[in-house]
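So you can see what is in the structure, the chains are spelled out below.
Protein chains: 2
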Amino acid sequence: MGELPIAPVGRIIKNAGAERVSADGSEALAVLMEEFGTAMAKEAIKLTRHAGRKTVKSVDIKMAAEILK
Amino acid sequence: MGELPIAPVGRIIKNAGAERVSADGSEALAVLMEEFGTAMAKEAIKLTRHAGRKTVKSVDIKMAAEILK
Numbered sequence: 061m062g063e064l065p066i067a068p069v070g071r072i073i074k075n076a077g078a079e080r081v082s083a084d085g086s087e088a089l090a091v092l093m094e095e096f097g098t099a100m101a102k103e104a105i106k107l108t109r110h111a112g113r114k115t116v117k118s119v120d121i122k123m124a125a126e127i128l129k
Numbered sequence: 061m062g063e064l065p066i067a068p069v070g071r072i073i074k075n076a077g078a079e080r081v082s083a084d085g086s087e088a089l090a091v092l093m094e095e096f097g098t099a100m101a102k103e104a105i106k107l108t109r110h111a112g113r114k115t116v117k118s119v120d121i122k123m124a125a126e127i128l129k
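From first to last, the protein sequence lines stand for chains C and U.
For the numbering used here, count along the first sequence from 1 and bump the result up by 60.
For the numbering used here, count along the second sequence from 1 and bump the result up by 60.
It should be emphasised that the hints constitute simulated quantities derived from the structure, not laboratory data.
The structure displayed is predicted, hence computed values, not measured ones.
Treat the hints with care, since some could be wrong.
[As the list claims (entries may be wrong)] Below, a list of computed lysine to any residue pairs in the SDA-like style, where the Cα atoms sit at most 20 angstroms apart:
(1) Lys122(U) / Phe96(U)
(2) Lys106(C) / Ala83(U)
(3) Lys106(C) / Lys74(U)
(4) Lys102(C) / Lys122(C)
(5) Lys74(U) / Gly112(C)
All chains, please: the whole structure from these sequences, using the hints.
Take a look at the structure:
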């Protein structure tokens, strides 16, 4: 955990329409986004192996999104 | 869109157990993560306004996560 930089997450909140964003608000969303990304990546890795490959490709990510949404 | 840097997203996929990750795989997950973060931020902004504040705080993000999960 803790891979995502905080500043881009703050910009995502601003782009969504926020007037102001606290540092702890950006950090909280970064944690949630990383949890979401990790869950999606774990599903994609299963699909990569299922396809007999070792490299995670966009097709694996997209199928993981279809399955988990 | 396009706020998230790609390299940290690639590390998230590696941390999840991937042997190798293609550039398009990391990009695809970055898009999904930003969509997820934007949806969560929009809900949090509604909650911020509901509480009579202008600054998005971690309590708003956490309540948005409870609502949307």
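Each hint, compared with the structure:
1. Among the hinted pairs, Lys122(U) with Phe96(U) is consistent with the structure: their alpha-carbon atoms are about 14 angstroms apart, no more than 20 angstroms.
2. Of the pairs offered as hints, the one joining Lys106(C) and Ala83(U) holds, with about 18 angstroms between alpha carbons and a cut-off of 20 angstroms not exceeded.
3. Only pairs whose Cα atoms come within 20 angstroms are accepted, and Lys106(C) paired with Lys74(U) is accepted, the gap being roughly 13 angstroms.
4. Straight-line distance between C-alpha atoms of Lys102(C) and Lys122(C) comes to about 13 angstroms, which keeps the hinted pair within the 20 angstroms bound.
5. About 18 angstroms separates the Cα atoms of Lys74(U) and Gly112(C), which keeps this hinted pair within 20 angstroms; it holds.
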